[in-house]
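Novice: Numbering (the numbering used here), first residue to last: 1 to 1010.
Treat the hints as calculated values from the structure; they're not laboratory data. Since we're looking at a predicted model, the values are computed, not measured. Backbone N, C-alpha and C define an ideal beta-carbon position, used for all residues, glycine too. What you were told as hints is all true, and nothing was included just to trick you.
Derived CB-CB ranges, DEER-like:
# : residue 1 : residue 2 : range
1 : Ser600    : Ile435    : 29 to 39 Å
2 : Asn1001   : Lys971    : 16 to 26 Å
3 : Asn543    : Glu843    : 39 to 49 Å
4 : Asn311    : Arg521    : 37 to 47 Å
5 : Gly334    : Lys21     : 39 to 49 Å
No more than 25 Å apart at the CA atoms, straight line, and that leaves these computed lysine-lysine pairs for BS3-like:
#  : residue 1 : residue 2
6  : Lys875    : Lys792
7  : Lys919    : Lys21
8  : Lys217    : Lys185
9  : Lys120    : Lys920
10 : Lys623    : Lys610
11 : Lys920    : Lys349
12 : Lys119    : Lys919
13 : Lys21     : Lys120
14 : Lys349    : Lys398
15 : Lys353    : Lys921
16 : Lys610    : Lys593
17 : Lys388    : Lys322
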Amino acid sequence: MNLKMKNQTEREAALGFSPQKELEFSALLPYADDIDVESNAVFAEIKSNLGRAVQLRDIKIGCRHWVVQLERYISIYGYKFSKADHVLLVKLVFDLLTMPLKEYALVDKFAVVLATLLKKRSLLSRDDLILPWRPLYQLVEDCSKDVGGCRVFTVNFESRIKSAVRACTPYFHEDATQEILDEFKPWLCPFDMMVIGGLQCLELFLPTSLPPELHHKGFKLWLDEFLQLWRSFYSMPSWEGSLVNLFSRLAHENVGYIDWKPHVPMIFTRLLRSFNLPVGTKQIIHNNQQNTYDIQNVSAWIISIMGGESNVVQEHITKLFKALHSFFHPSNAGRWSLRLGSFLQNLPKSLVKRIRRERYKESKWLTPIPDSHKLTDAQVTEFVESLKPSLFVAIFSKMGSQDASMGLRNLATLRPEVVIPPFLEKMYPAMETLIEPHRLIACMVCIVHIARPMLTATQHFPEGPSHVLPLLNLALPGIDPNDFRKTLVTLQMISTFVTLIPIVDSSEAIHVLTDLTEHERELCSATAQFEDFVLAFLDRIFNLIESNSQETSLSVVERQLLEHTVLEVGIGSTVSAMLQQCSTPIYLSALKKIHCFITSSVFEVKVSGKLAANFCRSAIRIKPDVALKMFIPQLCSSIQVFFQDHPGAYEEEHLDNAFMWNLLILSQIMRCDGTQLLVYKSELLEVVQSCLKLKCVQAYEMAGQLLRFLLRALTQIYPLEFRSVEQDFDQPFTEYLPIRDWGTPGDIEDLNVQWHLPSQEEVSYAQELLDCLLVPELEFFHNISANNEVSKEDLLRRLNLVIEFISGAGSHLAPLDGEKVHLVDSQVPLIRFSCYARLNGKELTAKGKNVRESVHDAVGHLLRYLNTSREDDTKSLFHIIRIYELVLMHYGTVRAEFDNRWKSFHIVKTSLENQLVAKKKHLRALLIDRMQLQHELRTFNFCERHFTDRHCDITSSLLNLSVSRYREVRKKAQAGLHKVLRTYAFSYQICLNTLVENLVNPEVEEHVFK
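Could you put together the complete structure from these sequences and hints?
Specialist: Right, dumping it as structure tokens:
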């Protein structure tokens, strides 16, 4: 029994069924042992309530609610159900979708869930599932009708319906092709507008993935006739795109079963014309650009018809790129450039997908490619050679080098020995010259995409790793304070390389090991430069930080704000990636240099100070046990000495730069392993207590930030390292040689991730902070009245502390409790399932009470006071709105931060993955990052979203603030109210009566309508 079958057997024994495809990252979380029981209970609840809602005809409320819960279940657990349940769910949602409903919001949701259930085609075969096509056509027809010219559909409604239909197409009955042809062929008069709708329906509904034994009931019924129709019209009519898309899908799903050879010249002729290239000197436009082909589909079509004994397709590809070569040149930029760039990206991408399908991917039930038509190594090499000249010209396109770099990556994945050496010949001159920065930037963008093939393809290109250090050293001058774009691309290049390689001086290995190859000996000798490179890189970063100071012009500040934000992220991620990969001696050398720079400098805290603080934080979080003792005692001492020397500082509105600088650095270095911070808990508590009392707004906000980061470090679950390999870099070379792990992928079965899990001592320290800092503020809010007022500035300071505390400790605050409020009638319970997202069950309390409830009571009293006595205190109202949002919806992860990291993760993953092989061989650091994202995704679903009387009170308060007479208060309150309405189903019922009363009341004030 192989490992895969063994794992399947173990999972079946653990779950009681064989799961279709569960999310493998869930099994790697520190609380994974509890997830199986949780998921089984959740799925059983979804099945029972969804089935009951359908039986009782509770479609609009109960059924929709539990279909949404099914969608959430798949996003969190994957397809963690049996094949039998999978089939039943598909049939149920299909029937719901095709019911004669006029509620298009329901249709939209059912279409999304059906497409999700059928997304993984390999999970269900035609033997498992057959679906009728006519109900889907009736749905499309109903939805396409114009109801009195009024728009009644949700956003993206049409595309979601089409996605659901495309997902169902492989499961149509074998006789569906003939039925569809009988329905739509009468529409195919090319001189009638009906032909457009007919071909669109044929493109959408015709099944093209029937098995070979059923081809006589499939494409053989229509292919010759449709090809003849296509060849008969040379003017590129508007309906031609639908035919091309249909041919592309057919060719992709039936490689080797159709003889395309007679049509190859026509395919390439039409493709060339679709690029809309100029003819002669008159710049004649051949066709309307709206009728051009979809590049992705055409690329897939061309790649799918390659192979076999004949080489006619490759000959035409070679001729095509010779004809197009001059149009890729930067001086020939025009309206065609974007489409040509897209073609240059998609064609190699389609070939990589085909090679993966032929050689590495398990085909399951899908039509296999015959051996006679599988591409040979010689054919792949010829393809790469034919695209290479145009690709090297397109790198320097005025439209940007992104498309060319993606194409270059795919060609380098296929044939690194053909692509990488000539590219490096262009790269080195570009890096050595100072007068052509555009060439340097273009080459750096490309090297990022081919870095991994260059390091891992040692069998075909053994010299690849030897170029890393020369390239890194040559890249350092690219960190230029006067050229933002070049600096950013340089940081990206350095970050990519250092993520792939352990930064260890292995030069002594040549004297220890006797089995090294000549290339390995050269590489070991070259690694002696690593420490010098790291220190030189830090010098460049120091210079960059010193060159970035706060601008005085408001227009310049606004223009450069985004640049500074991006630069801050770039510096932080690059430093973190680099020092993460360093051996201990190199790390200590870098840390000493950073410590010297931080302690001997004082920057303003808005621009250069933020860059330096973020940079320092990235370095310290790698080895906090070593780094914190160099910083925290000195910073805390400096802050306390300042208070001793300046006893009146608490009443000053502006404090000196040295104090602010120390406080900023201290706040940022809290973002590390919380266990290591316990050593300094008394000093930190003293600093926080002192700084939170300051009158200076910038200072107490920074102190609040320090508190937030400290609480997060203590209470949250997160990985402690993101190295490319789990090995200890300080081992003897006889046990481990780091250069052999350059570019190595991570093994998801054996990641051995070190997690930070909140200990009892850490939670106790967080409770101590709560008792000392938050509880007194809540009591203060309770005591505010007309007879016991407080200044606006002091109130803002206290409210800011509440915001920062909930933001930091949200993962250990119990959800709001109270009496459940009945919102709508339903035949089934309307609850959201909860996800387990922490290990110990200990929660923080405010004198034994629920913290969120205590905050709600105190802030509610304060809001009533403000509405009565100080309605013009808008800044305090802003803070109260933010507190309400956190109390209701924050459980440890900020949604905006998560969304940004999710997008960044997928960008990096796409850039560094190996699309040629199965499982794509992701880097260990990326796998760990994905695990953390999975944990954060679960934190969003940690609390059951019961709607209680406290939720109702907060919603009503936000509604009242949404009709405030102050515009900015209205805007922020309405934004918060919308978040509540999106989070809690049917919570809009709370607002309906008030809204109706305001609308029908003729004497209502004007600001209430806004």
